[in-house]
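Enquirer: Below are the chains, spelled out letter by letter.
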Amino acid sequence: MHPVTRIVRGTIVLFPLLFLAIFFVYPLAAILRLSLAPEGVPALQPVWEAARSGAVWRILWFTTWQALASTALTMALGLPLAAIFARYTFPGKSALRALTTIPFVMPTVVVGAAFTTLIGPTGIINNWLRGGLGLAEPPIQLMNTIWIILLAHAFYNVSVVVRTVGGFWEALNPALGEAGQVLGAHGLRLFRTVTLPLLMPSITAAGMLVFLFCFTSFGVILILGGLRFATLEVEIYRQAVNLFNLPVAAFLSLLQMVITFAVMAVYTRVQARASLPLEMRPRAHAPCHSGKLLHRIVVGALLLVMVLLLVAPLLALAWRSFTLGGHFTLDYYRELAVNRRQSAFFAPPVTAIRNSLIYASAATLLSLLLGVSGAYVLARPRTLATAILDPLFLLPLGTSAVTLGLGYIVAMGAWRTSLWLVPVAHTMIATPFVVRTFLPALRSLDPHLREAAAVLGAGPLRTWWEVDMPVLRRALLVSAAFAFTISLGEFGATLLINRPDRPTMPMVIYRALGQPGMLNYGQALAMSTILMVVCMVALLLIERFRLPGEEF
Amino acid sequence: MSDSLLVIEDVHKSYAPALVALRGVSLAVVRGEIVCLLGPSGCGKTTLLRIVAGLELPDSGRLLFAGRDLAAVPVYQRGFGLMFQEFALFPDKSVAQNVAFGLRMAGWSAAEIGKRVDEMLALVNLGGYGGRSIFDLSGGERQRVALARSLAPSPALLMLDEPLGSLDRALRESLMDELRTLLKRLALTALYVTHDQQEALSVADRVVLMNEGRIVQQGPPQVLYDTPANAFVARFLGYANVLPVASVGRADGMVFVQTALSVRPLPVPSSEPLPAQPLVIVVRATAMLLGDDAGRAALQGAPLLEGVITKLGFRGGHQRAEIAVSHTATPMDLTFEAPLTTPLVEGAPITFALDPAGCMLLPA
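Chains A and B are the protein sequences, given in the same order. For reference, each letter of the first sequence is one residue, going 456 to 1007 in my numbering. For reference, each letter of the second sequence is one residue, going 28 to 391 in my numbering.
These are computed hints drawn from the structure, not numbers from a lab. This one's a predicted model, so the numbers in the text were calculated from it and none came from an experiment. Hints should not be assumed to be uniformly reliable.
[Claimed, not checked] Sample of chain A residues facing chain B (criterion: CB under 7 Å; computed from the structure):
hint, residue
1, Leu904
2, Leu911
3, Gly914
4, Gly969
Every residue gets a Cβ at the ideal spot worked out from N, C-alpha and C, and that includes glycine.
Could you put the whole structure together from the sequences, leaning on the hints where they help?
Expert: This is the structure in structure tokens:
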């Protein structure tokens, strides 16, 4: 092998290994050490004390049941929708399917702000009801209740069910159902005996994924739940930042990691079963039209609920950011450039946009470097490096952002206030998505194409440019858009490690939402709207260039 | 071998201790010659091709091209052409862009490239297809594009790896002759890998038969077919009747071979000296003698055999009969070709003799 080629290959393997070791494994190990051996020697005293206090178990109990309740609500909404997408054709189907990508790119602060503008005490629905009914009090009191948390979780996760279960259902071979009919089953019995058993692995997998997302929920709880509710994730943040009780925070992180990794391990198994090589048919085959009127009404109503859930909060947000007392105004946007003394920002809010863009650009670049080199390693025949990297690249998905932030605070010493640590944290969170977008594209590349190019006179670099790049360009664009929006919207880790004088857009929105005053609120809405629009643009890019068969 | 263009000297290659691909292969290819590497899958023929192309490095041995050692020349600087079995056409590029690729790599100007691409597409009867996507082509058309792409830069050596392997049989047969005509017209030196003996015999100037990482026999197609070196070659070239030999004796200038077919030994034309033991006897499909011919052969010492026609098939110009020989200890089948005029009936008994001229004694 040519020495230069060898150096390039070595770098491609070593770079992701080193990066993950320093910025993922080491911080998590530091958390482990802090909770099990705070003074350097193993001591179970702090853990024991934390475990004996009822507070921990109350928080764990709340975290678990709200996640279960959220999953149940999500399934109740998502499964009928999955059935509709799998079994019926209707006008605007592809547009509605594209809508289901929204939650994947929408930052929690934006969703938080959006839900307050829709159903908060002074939200659009309450104002409208009060105006219409002449009430003194807002009739819908959901703010800071469990209901708004469940609703926001449903907003985020119905898409997961529709996309995974619906996609699987749609691809099921209709001949299986027909075989069942020929053998004498029909209607509900056919569904129960033939379809449901086939769907079960994918339903279980989707349910566990939803549970996992809700179990580690942070921004939604913090913004919409108020002080009354704390999941493990929120409590880690409070212990670390408000009370500066790092050992307890570390213990909670450990507890959460153990549970999420256990669920992840089961999920991986179930998911492998869900992708059994069943007799599948191409998606292009059109399912049936809904014939009966009753069918049409039920289908239409369910789709309306989905559109309302996904679109209404975002529209309310945009609308409120442009109106004051019922009139069109750009004041909130103008105020973003002004530094007012009594405002919550200390600096003109536009600087937050600049900060966010800088962080996001750096994080995108870094996660592309890391994710692409990682994907190249994983795409090669199994070696020690791939065996180590494979689970490592997926673990960040199961590790919460707050835990990662806490790990940096605990482990990074003098670096922990460094500005570059923020894009690094964002990179850790975005990289699994880059790897997962890239790997299928890379694996779809026929190795003979590279050989053909080489035989025709293309050197290694030229081959990469001529053969790999055209196939990977789309994946590159999609993963860049994903990384960029993930970084722009990242909230948990940023809140822990970013310096207050360099706030990002989500930090500014969070602070402003917590401050009294119409102006602060309006600025938060304006900022949220800007963030939403940027994420929508990214979403359009993703939907336009996504390769078929990629799911998250 | 001063006029040899490509010289392969004692090349070894293994992928793992238990996975040896080549066990010392030496071969010389003359300028303008079409050499077919023929053999069953796993015999090392594709590995040899990939080593010549530079896609893999040999563990030991030497490659010389026009007298120059190829060891230090990377694949992209060898200036060879290679046609892949699945064609490996670039999916994001049009037909013309695929054909132009090698020319671009060689630094041709756009005008020259355009002219050459048109020439090449005309050569493979795809004139006017330049703008098409490769997804709009049939299998045969893709094969032509792949051929045009490897021919465009005028390679000093063209390699073809099962170039007709992914096409259906009818298309394959029509393309075989066309391919040979084209290669000969362009006076190309070609290394052609195939596992199909018929393809190798129709396309090659010289067939190199490989098995288990070694060259078993090589020569012009006719020579190889008429005088296979051993039982493996005979079986691989399509001889159906290869029978073990119990013992061999000589009398009256003939060799008599004892087989399980009959009590009396079979006469075979003398060959001096006898090949090394153990031996097999190969009976050509045309060696069945019936009626008076069988009687005449019996007078000269050939045993009369009895059997039953178990299967009779129509094969275009002739019929093909499978005969279960009677009175043998273990069931023995012989397969013969007979003119359509010969009255054969499936299931009927048959008495026949073997033409000594149609029998060969070979090492097992």
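Enquirer: Should the interface hint for A/Leu911 be scored as holding, given a Cβ-Cβ cut-off of 7 Å against chain B?
Expert: 4 Å, holds
Enquirer: Should the interface hint for A/Gly914 be scored as holding, given a Cβ-Cβ cut-off of 7 Å against chain B?
Expert: 5 Å, holds
Enquirer: Let me know if the C-beta of A/Leu904 comes in closer than 7 Å to any C-beta of chain B, holds or violated.
Expert: 5 Å, holds
Enquirer: Just to be careful: measuring from the Cβ of A/Gly969 to every Cβ in chain B, is the smallest value less than 7 Å?
Expert: Violated. Min distance 51 Å.
Hint violations for this structure: number 4 only, all remaining hints satisfied.
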